[in-house]
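Here is how the chains run, residue by residue.
There are 6 protein chains.
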Amino acid sequence: MSDIVKEFNEYRSKMNDKILNDNNKIIKRIFNLDTNAYTEGALDVKTKELLGLVASAVLRCDDCVKYHLENCHKEGFTKEQVVEALSIATLVGGTIVIPHLRRAYEFWDALQEN
Amino acid sequence: MSDIVKEFNEYRSKMNDKILNDNNKIIKRIFNLDTNAYTEGALDVKTKELLGLVASAVLRCDDCVKYHLENCHKEGFTKEQVVEALSIATLVGGTIVIPHLRRAYEFWDALQEN
Amino acid sequence: MSDIVKEFNEYRSKMNDKILNDNNKIIKRIFNLDTNAYTEGALDVKTKELLGLVASAVLRCDDCVKYHLENCHKEGFTKEQVVEALSIATLVGGTIVIPHLRRAYEFWDALQEN
Amino acid sequence: MSDIVKEFNEYRSKMNDKILNDNNKIIKRIFNLDTNAYTEGALDVKTKELLGLVASAVLRCDDCVKYHLENCHKEGFTKEQVVEALSIATLVGGTIVIPHLRRAYEFWDALQEN
Amino acid sequence: MSDIVKEFNEYRSKMNDKILNDNNKIIKRIFNLDTNAYTEGALDVKTKELLGLVASAVLRCDDCVKYHLENCHKEGFTKEQVVEALSIATLVGGTIVIPHLRRAYEFWDALQEN
Amino acid sequence: MSDIVKEFNEYRSKMNDKILNDNNKIIKRIFNLDTNAYTEGALDVKTKELLGLVASAVLRCDDCVKYHLENCHKEGFTKEQVVEALSIATLVGGTIVIPHLRRAYEFWDALQEN
Chain P
1 MSDIVKEFNE YRSKMNDKIL NDNNKIIKRI FNLDTNAYTE GALDVKTKEL
51 LGLVASAVLR CDDCVKYHLE NCHKEGFTKE QVVEALSIAT LVGGTIVIPH
101 LRRAYEFWDA LQEN
Chain U
1 MSDIVKEFNE YRSKMNDKIL NDNNKIIKRI FNLDTNAYTE GALDVKTKEL
51 LGLVASAVLR CDDCVKYHLE NCHKEGFTKE QVVEALSIAT LVGGTIVIPH
101 LRRAYEFWDA LQEN
Chain W
1 MSDIVKEFNE YRSKMNDKIL NDNNKIIKRI FNLDTNAYTE GALDVKTKEL
51 LGLVASAVLR CDDCVKYHLE NCHKEGFTKE QVVEALSIAT LVGGTIVIPH
101 LRRAYEFWDA LQEN
Chain X
1 MSDIVKEFNE YRSKMNDKIL NDNNKIIKRI FNLDTNAYTE GALDVKTKEL
51 LGLVASAVLR CDDCVKYHLE NCHKEGFTKE QVVEALSIAT LVGGTIVIPH
101 LRRAYEFWDA LQEN
Chain C
1 MSDIVKEFNE YRSKMNDKIL NDNNKIIKRI FNLDTNAYTE GALDVKTKEL
51 LGLVASAVLR CDDCVKYHLE NCHKEGFTKE QVVEALSIAT LVGGTIVIPH
101 LRRAYEFWDA LQEN
Chain E
1 MSDIVKEFNE YRSKMNDKIL NDNNKIIKRI FNLDTNAYTE GALDVKTKEL
51 LGLVASAVLR CDDCVKYHLE NCHKEGFTKE QVVEALSIAT LVGGTIVIPH
101 LRRAYEFWDA LQEN
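For the record, the sequence lines run as chains P, U, W, X, C and E.
Take the first sequence: its position 110, counting from 1, is numbered 110 in UniProt numbering, and each next residue is one higher.
Take the second sequence: its position 73, counting from 1, is numbered 73 in UniProt numbering, and each next residue is one higher.
Take the third sequence: its position 93, counting from 1, is numbered 93 in UniProt numbering, and each next residue is one higher.
Take the fourth sequence: its position 51, counting from 1, is numbered 51 in UniProt numbering, and each next residue is one higher.
Take the fifth sequence: its position 40, counting from 1, is numbered 40 in UniProt numbering, and each next residue is one higher.
Take the sixth sequence: its position 80, counting from 1, is numbered 80 in UniProt numbering, and each next residue is one higher.
Everything labelled a hint here was simulated from the structure, so no lab data went into it.
Do not rely on the hints blindly, as some may be mistaken.
Said to hold, decoys possible - Example chain E residues on the side facing chain X (calculated, C-beta under 7 Å, incomplete):
{"id": "1", "residue": "THR78"}
{"id": "2", "residue": "VAL92"}
{"id": "3", "residue": "GLY94"}
{"id": "4", "residue": "ILE96"}
Keep in mind the model is a prediction, meaning the values are calculated, not measured.
In this text, a Cβ means the ideal position worked out from N, Cα and C, and glycines have one as well.
Full structure from sequences and hints, please.
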């Protein structure tokens with residue numbers, strides 16, 4: 001099962017390299033901001049990752065959800081906490097979030113198997 | 001072709017079980033509401049399924065479209081009626097709905113082959 | 001209260017005239033389709049108006065909701081039926097639909113006062 | 001300035017009463033879930049309010065943003081923390097979030113004046 | 001009529017000042033990118049403004065549409081060209097774009113009166 | 001790699017045929033408009049294709065992005081120009097556009113290999 005984690009990260013990493021090598025300044029800076037925005041500030045890193053997860057879930061972006069799930073896993077969130085965050089996303093975003101919830105569960109389980 | 005129906009239902013069913021076994025109260029109640037909302041009331045079941053289909057189509061949720069297509073099929077809607085509902089979705093939601101329309105056609109044809 | 005109905009229709013009508021007088025062919029044809037899509041076909045007019053209402057509600061377009069509420073009112077839907085359709089929209093689209101639900105209630109009440 | 005807080009709460013409260021008196025079961029349960037989802041669980045109330053704020057902001061729902069800003073204010077978040085959460089929303093959701101950011105700033109300032 | 005241009009610019013300018021004075025680094029950089037992205041590059045400024053307009057219109061952000069309409073006006077686009085761009089937005093984004101089209105027409109006319 | 005271009009076009013073409021043979025008038029006219037909207041007018045074909053690309057990207061429709069990338073390629077846009085258009089889409093639509101940007105890069109590279 002954990003192949004879905006590996007596959008996701010390999011494709012993501014390969015294509016990000018292509019994009020960054022292309023040297024479009026605006027895109028590079030957006031990528032750069034994407035790193036900076038989740039660093040410690042008035043809010044701690046853990047809270048910010050959870051915000052990124054919920055934002056991704058309500059906007060129904062599977063790849064973004066996977067990315068933040070992986071970071072939430074690294075930051076030491078329990079499954080119960082992550083699911084609670086996703087329950088808020090499902091309530092705010094509606095039942096159209098449910099298919100993404102199914103894929104989020106699958107990915108989280110794969111992360112825990114690693 | 002009808003494998004896409006089977007595959008969809010198996011994954012959906014397997015992951016829904018995992019989600020519901022997890023016992024997050026909010027998510028369980030949303031799943032519960034999702035069943036109750038489509039039962040007979042001031043509007044009949046058929047009309048409600050069609051509403052669910054169009055809501056799913058304009059929000060461009062393929063899995064939700066498949067789920068409601070299957071219910072519309074069970075409720076005895078003709079292809080012409082389903083396509084008319086989807087034509088309204090395409091008009092309201094714009095040409096970005098068209099790729100989902102292609103997949104909806106494929107799924108409906110698979111349902112009819114079963 | 002019914003001023004919100006009048007105000008909505010006057011602005012809508014005034015601006016639609018300006019748009020149509022401008023003679024952009026694509027826009028004129030979209031307006032034309034918007035009339036044709038809701039006429040009797042394999043589905044009846046009433047069902048189609050309800051589909052238009054739910055599509056508008058999940059896409060959170062207040063003006064589109066108002067337009068279809070007015071047509072639903074003319075077609076003889078009861079408040080209970082309209083609210084049931086909107087309840088499906090709120091479930092599918094999530095709690096972000098609620099502010100639009102509030103405005104839909106206000107508009108429907110204004111329609112009934114006329 | 002704080003009139004915008006009062007005005008928002010009065011309209012919201014008045015229309016919510018109308019909606020809840022209408023006794024549509026699905027809508028009542030969604031309202032009920034909306035209360036339950038933000039109570040203490042594996043995540044604390046403060047974190048959940050911030051998740052609700054960011055979900056509302058990326059989905060560009062001004063009224064939902066106002067509602068969660070008010071709760072964040074009550075929960076004791078500093079402006080710097082709230083703005084950091086909104087900065088993540090703006091990054092994830094793009095520059096189309098900026099007009100909502102302007103209205104969020106205006107509302108937060110009004111909350112602090114009260 | 002041209003008051004809607006003035007009003008829009010004054011509020012936008014006032015709130016942008018508040019946001020930028022607040023010194024959140026992520027938000028400041030996004031604002032900065034928003035200026036840089038529309039400067040001359042492999043594509044000219046005029047084309048970029050039109051891209052910004054269409055992106056804003058399909059995402060149904062009235063304030064963003066107004067901002068880009070004003071820039072398109074300054075860049076010397078004719079009404080016919082702007083309307084053609086908006087016709088593509090309406091086709092891609094669907095009839096839910098129409099209410100925003102009405103407000104775009106009103107704003108463009110106000111720009112031309114100035 | 002160019003298999004992804006072939007595969008995309010074959011599925012698209014096969015399903016479009018099924019849809020058009022079905023003779024739903026509204027859908028046929030939307031398809032027809034989709035051809036007409038991108039022809040020479042007050043704006044030239046190249047500009048219109050770029051508008052279609054950016055509209056598709058901010059609405060996060062991979063298939064629509066692929067379709068317009070192919071047309072942009074035929075119209076002679078350079079990669080730098082296409083990437084600049086996509087950078088505006090990523091800024092306006094936010095980091096949730098990035099996964100679609102990755103797939104757009106992959107598709108463009110496949111187009112250039114053909």
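Results of checking the hints against the structure:
With a least beta-carbon distance of about 25 Å to chain X, the hint placing E/THR78 at the interface is violated under the 7 Å criterion. The restraint placing E/VAL92 at the interface with chain X holds, with a minimum CB-CB distance near 5 Å, inside the 7 Å limit. Taking 7 Å as the C-beta cut-off, the interface hint given for E/GLY94 holds, the closest approach to chain X being about 3 Å. For E/ILE96, the interface hint holds, the least distance from its beta-carbon to any beta-carbon of chain X being 6 Å, beneath 7 Å.
Checked against the numbered hints above, the structure breaks only hint 1 and satisfies the rest.
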